[in-house]
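Same order as they appear, the protein sequences are chains A and B.
492 is the number that the working numbering gives the last residue of the first sequence; the numbers go up by one with no jumps.
492 is the number that the working numbering gives the last residue of the second sequence; the numbers go up by one with no jumps.
No lab work stands behind these hints: they were computed from the structure.
There may be inaccurate statements among the hints.
You can't tell identical chains apart in this list, so a pair holds if it fits in one copy or across any two.
[Claimed, not checked] Computed list of lysine to aspartate or glutamate pairs in DMTMM-like fashion (alpha-carbon distance at most 20 angstroms, straight line):
no., residue 1, residue 2
1, Lys371, Asp341
2, Lys345, Asp368
3, Lys377, Asp429
4, Lys377, Glu258
5, Lys47, Glu68
6, Lys371, Glu340
7, Lys311, Glu294
8, Lys180, Glu57
9, Lys180, Glu164
10, Lys466, Glu264
11, Lys375, Glu340
12, Lys375, Asp315
13, Lys248, Asp384
14, Lys47, Asp25
15, Lys260, Asp384
16, Lys248, Glu385
17, Lys375, Asp341
18, Lys443, Glu291
19, Lys180, Glu158
20, Lys248, Glu119
21, Lys303, Glu291
22, Lys466, Glu305
Predicted model only: the values in this text are computed from it and were never measured.
2 protein chains.
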Amino acid sequence: MTTLPDLTISSLSTAYQAGELTPSSLVKLLHAKLTALEPSAVWIHLLSESELLDYARELETKDPADLPLYGVPFAIKDNIDLADAPTTAACPDFKYFAKESAFVVEQLIAAGAIPIGKTNLDQFATGLVGVRSPYGVPENACVPEYIPGGSSSGSAIAVAKGLVSFSLGTDTAGSGRVPASLNNIVGHKPTKGLLSCTGVIPACKSLDCVSIFANNAVDAQKVYDVASKFDPADPYAVENKLLPEAAPLGALGSTFRFGVPHASQLDFFGNEEAELLFFNTVRKLEAMGGEKHTIDFSPFLDAALLLYEGPWVAERYVAIEDIIQKNPEILHPVTRSIIAGGENLTAADAFKAEYKLKSLKRIADETIARVDFILTPTIGTCYTREEVEANPVELNSNLGYYTNFMNLLDFSATAFPAGFYKNKMPFGVTAFAPAFHDAKLLDLATKFMEDAPCISHDCSEVPAGWNPIVVCG
Amino acid sequence: MTTLPDLTISSLSTAYQAGELTPSSLVKLLHAKLTALEPSAVWIHLLSESELLDYARELETKDPADLPLYGVPFAIKDNIDLADAPTTAACPDFKYFAKESAFVVEQLIAAGAIPIGKTNLDQFATGLVGVRSPYGVPENACVPEYIPGGSSSGSAIAVAKGLVSFSLGTDTAGSGRVPASLNNIVGHKPTKGLLSCTGVIPACKSLDCVSIFANNAVDAQKVYDVASKFDPADPYAVENKLLPEAAPLGALGSTFRFGVPHASQLDFFGNEEAELLFFNTVRKLEAMGGEKHTIDFSPFLDAALLLYEGPWVAERYVAIEDIIQKNPEILHPVTRSIIAGGENLTAADAFKAEYKLKSLKRIADETIARVDFILTPTIGTCYTREEVEANPVELNSNLGYYTNFMNLLDFSATAFPAGFYKNKMPFGVTAFAPAFHDAKLLDLATKFMEDAPCISHDCSEVPAGWNPIVVCG
Chain A
20 MTTLPDLTIS SLSTAYQAGE LTPSSLVKLL HAKLTALEPS AVWIHLLSES
70 ELLDYARELE TKDPADLPLY GVPFAIKDNI DLADAPTTAA CPDFKYFAKE
120 SAFVVEQLIA AGAIPIGKTN LDQFATGLVG VRSPYGVPEN ACVPEYIPGG
170 SSSGSAIAVA KGLVSFSLGT DTAGSGRVPA SLNNIVGHKP TKGLLSCTGV
220 IPACKSLDCV SIFANNAVDA QKVYDVASKF DPADPYAVEN KLLPEAAPLG
270 ALGSTFRFGV PHASQLDFFG NEEAELLFFN TVRKLEAMGG EKHTIDFSPF
320 LDAALLLYEG PWVAERYVAI EDIIQKNPEI LHPVTRSIIA GGENLTAADA
370 FKAEYKLKSL KRIADETIAR VDFILTPTIG TCYTREEVEA NPVELNSNLG
420 YYTNFMNLLD FSATAFPAGF YKNKMPFGVT AFAPAFHDAK LLDLATKFME
470 DAPCISHDCS EVPAGWNPIV VCG
Chain B
20 MTTLPDLTIS SLSTAYQAGE LTPSSLVKLL HAKLTALEPS AVWIHLLSES
70 ELLDYARELE TKDPADLPLY GVPFAIKDNI DLADAPTTAA CPDFKYFAKE
120 SAFVVEQLIA AGAIPIGKTN LDQFATGLVG VRSPYGVPEN ACVPEYIPGG
170 SSSGSAIAVA KGLVSFSLGT DTAGSGRVPA SLNNIVGHKP TKGLLSCTGV
220 IPACKSLDCV SIFANNAVDA QKVYDVASKF DPADPYAVEN KLLPEAAPLG
270 ALGSTFRFGV PHASQLDFFG NEEAELLFFN TVRKLEAMGG EKHTIDFSPF
320 LDAALLLYEG PWVAERYVAI EDIIQKNPEI LHPVTRSIIA GGENLTAADA
370 FKAEYKLKSL KRIADETIAR VDFILTPTIG TCYTREEVEA NPVELNSNLG
420 YYTNFMNLLD FSATAFPAGF YKNKMPFGVT AFAPAFHDAK LLDLATKFME
470 DAPCISHDCS EVPAGWNPIV VCG
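Just chain A, with the same shape it has in the complex:
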């Protein structure tokens, strides 16, 4: 084999088990391709061919049928440790060599996955834009003029460009969903605590999640199954719960209930095409057997506002207090100005925000209990790099409109592709549900992507003049 094979987990598994592919041959092809592409700003650190071959040869002593992720290449956001590799969090002067892999990385490697490298991000995972890094701006996988989205920019693009089968991101305020939407892939934000944060640099420690990017939800589910092992060493880890209401929905065509925010509470930031694409997705879900319920979205939006106006930025401050106090000049200026604001908040502010959040969570929980999941756009609109450069904070904030509340309210969420704009930029939606509904959401995304034939999942193949309403209405 001389060209890179299809990196879908099932294709790789078939090829390995049939003896058509070996981990060594795959990593050689992959390493050649990746080094040819560099510098791309996707990677902060790539493993050498010899390091990759070490992983490959170790696997070749084992039976492909025994390991669920045998020989599957993956990328790691550079705020998550990989043993014997540098971690930077996109801050070069912060760099250290990790002695051990993060718990979640260990599980993936033990299941046969091969780490390829560490990916670029908005520094210290602060941002939803993907342009706040001294390592450059990774190119959007669909339309280069657009931002990649962040903070897990490199991890999303490594998947979207077919360089790895899946990748790990982190998602505190939307960093695992926004770049999925902007690059036409699946981004799963697991229930808080199901994926260990041991070996992950905290952003907001009480809210952080490790997240999963993949080209389809079947692969995301396979990774989730391996990665979601309980880690008693992570104080924020939780044991998975099997809730009857979190079982996957029935077959396509059977009925289910989904919530959609009241029209007045949806914000597309002036992008009419996004609005059409969203309601087009709603109609597709109805065609799949879904019963739409309009919900009051205000408790969710109020919680999202709390993240910006509330005390949680103090957690980002705590995470890098030493740097802010001793070497603030090593930080990206936007990152520094945001995080420094965390120093002056009071404990009284923190408790008041917690009380407010508790009240909102009660209402939000009652709302979400009436449906199987709630559907929103993942982001209300897309921005170009130029637009974000001109208005870096407000546009970043707009991108979090549908994502910021998720971890505050302790929900699980899957972002998945749902169409294209005329300019070939992808459009994506997010289905979210209470904690421990991960498998249900991933199954829904799988069914939706199978059942939406008018949507290409490869943005290089969007039909010219594709019009969501005419084609899919």
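With chain A held as given, fit chain B onto it using these hints.
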């Protein structure tokens, strides 16, 4: 009937159902006794005879067999609302008339219980001593020179002196357990959120619990069954969970496992008699079928320290921020000095303490999972009013050694009598277990109190020269 009958719930129930007693006759006797005793500093507000008769006559239209607490008199700590009565939180200038009863009071009245009055407390429920109130110091029910314990001083003493069948306290750091121990009664600190806090003045809103005082654990269980109704209007309320491991222990003599802190981690503050009494209690539990396991108590003690050194005092500040800013002079000087300290804590402090607490909780949970419950003294020693007057903050702090961690770590706890000092002061222990173990703990206390015949539960009848080791060893 011309003398007050036995106020045990089962005795009252039998008398009502046999037609030997009516609510009207009971409240008349009770009102006469209570007014004869006043001023006692136990009550801040007593209902008038005519108000009590209104409750009684309403009950007399119903069948005693239909209501679990038919005609059972109870007292309410004066930081919990009773409709049409004043609430002061022991701060006269804060007084307001409540329009509605607290949710938990409503449940008790609906089940037939009759509210008798509002009881004295350490102002704004801040303290474990019971002497920080402008309404005076309620007299200890066993030895008058000793402090009553707080903050729920009046509620504990109303029960201990046989003025009511049960009472409501609140317990944030130990206020429902310390005065139970000092007055020889049962104090149950329910799982956080099982008893609604709607209509309760917050102390530390994220930690507050309504608690139950009774003369025995059977009565406490009956009250708990009625009071622990889920209140969707309280954002901190939780639904009860039936956990298999929380089922009551088997019959006496069957085996169970209980944890006891390592001897070096027990602190009796120099009181050797307390130490003898505690190990005497341990031996009694062993005689009942218990298998003692020495545990490392350090994560519990470290969590307790966090309550004092950490950010939670900022919650007390938030609760009365208006008063501190506008009318600080209306506060008790000790209360004011403690709570004012909450103003200057930062949100960063709050999050750091939360991280530390999360780590400690993981270890504490692992420890407690190995046993059915952990046993400690409720307080390490007893103090006289004179001693506390001379050293008001340190001695208060000593009283919280075994209680402060309980709500931070989200455990359920029952404090119950376990003997007497030579000077007739009572000694008490606390059994604690994870959240939702309430019924198991109350059942244990019931069995212990039945099975410890050498312990009188009436401190007026302690045998002279009673020596715990000789009599019960």
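Each hint tested on the structure:
Taking the shortest alpha-carbon separations for Lys371 and Asp341, only the inter-copy value of 14 angstroms comes in at or below 20 angstroms, while the best intra-copy value is 27 angstroms. Proximity of Lys345 to Asp368 under the C-alpha cut-off of 20 angstroms is restricted to the inter-copy arrangement: shortest distance 19 angstroms between copies versus 26 angstroms within a copy. Taking identical chains as interchangeable, the C-alpha atoms of Lys377 and Asp429 lie at most 20 angstroms apart whether they share a chain (11 angstroms) or sit on different chains (17 angstroms). Taking the shortest alpha-carbon separations for Lys377 and Glu258, only the inter-copy value of 15 angstroms comes in at or below 20 angstroms, while the best intra-copy value is 22 angstroms.
In this homomeric assembly, Lys47 and Glu68 come within 20 angstroms of each other (Cα to Cα) only inside a single copy, at 7 angstroms, whereas the closest approach across copies is 92 angstroms. For the homomeric pair Lys371 and Glu340, the shortest alpha-carbon distance between copies (11 angstroms) is at most 20 angstroms, but the shortest distance inside one copy (23 angstroms) is not. For a Cα distance limit of 20 angstroms, the shortest separation of Lys311 from Glu294 inside one copy, 16 angstroms, qualifies, whereas the shortest one across copies, 66 angstroms, does not. Taking the shortest alpha-carbon separations for Lys180 and Glu57, only the intra-copy value of 13 angstroms comes in at or below 20 angstroms, while the best inter-copy value is 82 angstroms.
In this assembly of identical chains, Lys180 and Glu164 lie within 20 angstroms of each other by CA distance solely inside one copy; the values are 16 angstroms within and 80 angstroms between copies. For a Cα distance limit of 20 angstroms, the shortest separation of Lys466 from Glu264 inside one copy, 18 angstroms, qualifies, whereas the shortest one across copies, 39 angstroms, does not. For the identical chains of this complex, Lys375 and Glu340 are inter-copy neighbours only, at 16 angstroms across copies versus 27 angstroms inside a copy, given an alpha-carbon limit of 20 angstroms. Taking CA atoms no more than 20 angstroms apart as the test, Lys375 paired with Asp315 passes inside one copy only; the shortest distance there is 17 angstroms, against 37 angstroms between copies.
For a Cα distance limit of 20 angstroms, the shortest separation of Lys248 from Asp384 across copies, 19 angstroms, qualifies, whereas the shortest one inside one copy, 26 angstroms, does not. For a Cα distance limit of 20 angstroms, the shortest separation of Lys47 from Asp25 inside one copy, 15 angstroms, qualifies, whereas the shortest one across copies, 87 angstroms, does not. Taking the closest pair of Cα atoms, Lys260 and Asp384 come within 20 angstroms of each other both inside a single copy (17 angstroms) and across two copies (18 angstroms). Taking CA atoms no more than 20 angstroms apart as the test, Lys248 paired with Glu385 passes between copies only; the shortest distance there is 18 angstroms, against 29 angstroms inside one copy.
In the homo-oligomer, the alpha carbons of Lys375 and Asp341 lie at most 20 angstroms apart only across protomers (18 angstroms), although the nearest pairing inside one protomer, at 30 angstroms, exceeds that limit. Proximity of Lys443 to Glu291 under the C-alpha cut-off of 20 angstroms is restricted to the intra-copy arrangement: shortest distance 15 angstroms within a copy versus 81 angstroms between copies. For the identical chains of this complex, Lys180 and Glu158 are intra-copy neighbours only, at 10 angstroms inside a copy versus 77 angstroms across copies, given an alpha-carbon limit of 20 angstroms. Proximity of Lys248 and Glu119 under a CA criterion of 20 angstroms is satisfied intra-copy only: 17 angstroms inside one chain copy versus 48 angstroms between copies.
Taking identical chains as interchangeable, the C-alpha atoms of Lys303 and Glu291 lie at most 20 angstroms apart only when both belong to the same chain, with a minimum of 19 angstroms there against 76 angstroms between chains. In this homomeric assembly, Lys466 and Glu305 come within 20 angstroms of each other (Cα to Cα) only inside a single copy, at 13 angstroms, whereas the closest approach across copies is 59 angstroms.
Comparing the model with each numbered hint stated earlier shows that all of them hold.
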